[in-house]
Amino acid sequence: AQSVTQLGSHVSVSEGALVLLRCNYSSSVPPYLFWYVQYPNQGLQLLLKYTTGATLVKGINGFEAEFKKSETSFHLTKPSAHMSDAAEYFCAVSAPRGNTPLVFGKGTRLSVIA
Amino acid sequence: GAVVSQHPSRVICKSGTSVKIECRSLDFQATTMFWYRQFPKKSLMLMATSNEGSKATYEQGVEKDKFLINHASLTLSTLTVTSAHPEDSSFYICSARDDGIMGEQFFGPGTRLTVL
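Those sequence lines, one after another, are chains U and Z.
Residue numbering for the first sequence follows this note's numbering, beginning at 1 and increasing consecutively.
Residue numbering for the second sequence follows this note's numbering, beginning at 1 and increasing consecutively.
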């Protein structure tokens with residue numbers, strides 16, 4: 001069984017400040033991990049994913065995340081927030097094989113203050 | 001990149017009617033597609049797994065007679081909300097798992113259903 005916990009349902013940062021969105025997972029098998037962004041009334045857009053290999057993953061729009069097995073974490077960061085980053089962010093986990101669906105965290109709403 | 005479309009993007013219907021939502025993978029084959037439901041300001045809840053050529057697998061608590069799923073081809077899955085009621089109003093999102101890329105799903109843009 002797999003699960004995802006996103007700490008903080010709402011994070012607010014100033015424009016230009018560091019963005020840190022936390023995600024911890026639980027998985028009985030080596031996980032595949034994902035971060036998605038959702039803008040109002042839109043579907044999900046993949047920011048980045050970890051499958052195997054390098055544990056520091058770079059994604060779109062300047063975001064990156066680091067897979068830390070010892071901490072069962074996959075936190076999302078961005079050095080400098082932009083107003084356009086304001087959105088809902090979802091962390092998700094899946095098993096690496098088989099027709100298994102993604103299991104999503106509850107989401108974190110990011111607000112960026114000018 | 002891989003594209004998944006959903007149609008319609010928005011639908012308003014009267015209580016008691018049925019609504020069909022289509023999910024298509026435009027440039028890849030998807031043996032497996034997933035249907036999610038998202039309540040306002042909530043996360044995505046998996047409703048069912050749609051498998052081409054076989055019956056869908058529903059999550060606990062999801063009425064299979066109410067949410068009919070048909071995966072007619074490797075690029076099309078449909079979700080029919082039968083005898084819709086206001087409590088069925090929600091944002092429905094499908095995803096398709098690319099048969100050629102292990103582990104990644106591509107999401108459709110979602111369908112906003114409003115039942116009056």
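Keep in mind that the hints were calculated from the coordinates and are not lab data.
Don't take each hint at face value.
Derived pair list, reagent style SDA-like, types lysine to any residue, alpha-carbon separation capped at 20 Å [said to hold, decoys possible]:
id : chain 1 : residue 1 : chain 2 : residue 2
1  : Z       : 20        : Z       : 37
2  : Z       : 42        : U       : 25
3  : U       : 106       : Z       : 20
4  : Z       : 41        : U       : 96
5  : U       : 68        : U       : 96
6  : Z       : 42        : U       : 86
7  : Z       : 42        : U       : 68
Just so you know, these numbers come straight off a predicted model, no measurement behind them.
Comparing the hints with the structure gives:
Note on residue 20/Z and residue 37/Z: the hinted pairing holds, with a Cα-Cα distance of about 15 Å set against a maximum of 20 Å. In summary, the hint linking residue 42/Z to residue 25/U is supported, as the alpha carbons are separated by about 18 Å, within the 20 Å threshold. Pair hint residue 106/U plus residue 20/Z does not hold up; C-alpha atoms about 27 Å apart against a cutoff of 20 Å. For the hint linking residue 41/Z to residue 96/U, the alpha-carbon distance of about 29 Å lies beyond 20 Å, and the restraint is violated.
Between residue 68/U and residue 96/U the alpha-carbon distance is near 17 Å, which keeps this suggested pair within the 20 Å criterion. With a CA separation close to 16 Å, the supplied pair residue 42/Z and residue 86/U stays within the 20 Å bound. Our distance criterion of 20 Å between C-alpha atoms is broken by residue 42/Z and residue 68/U, whose separation comes to about 27 Å.
Violated hints, in rising order: 3, 4 and 7; the structure is consistent with all others.
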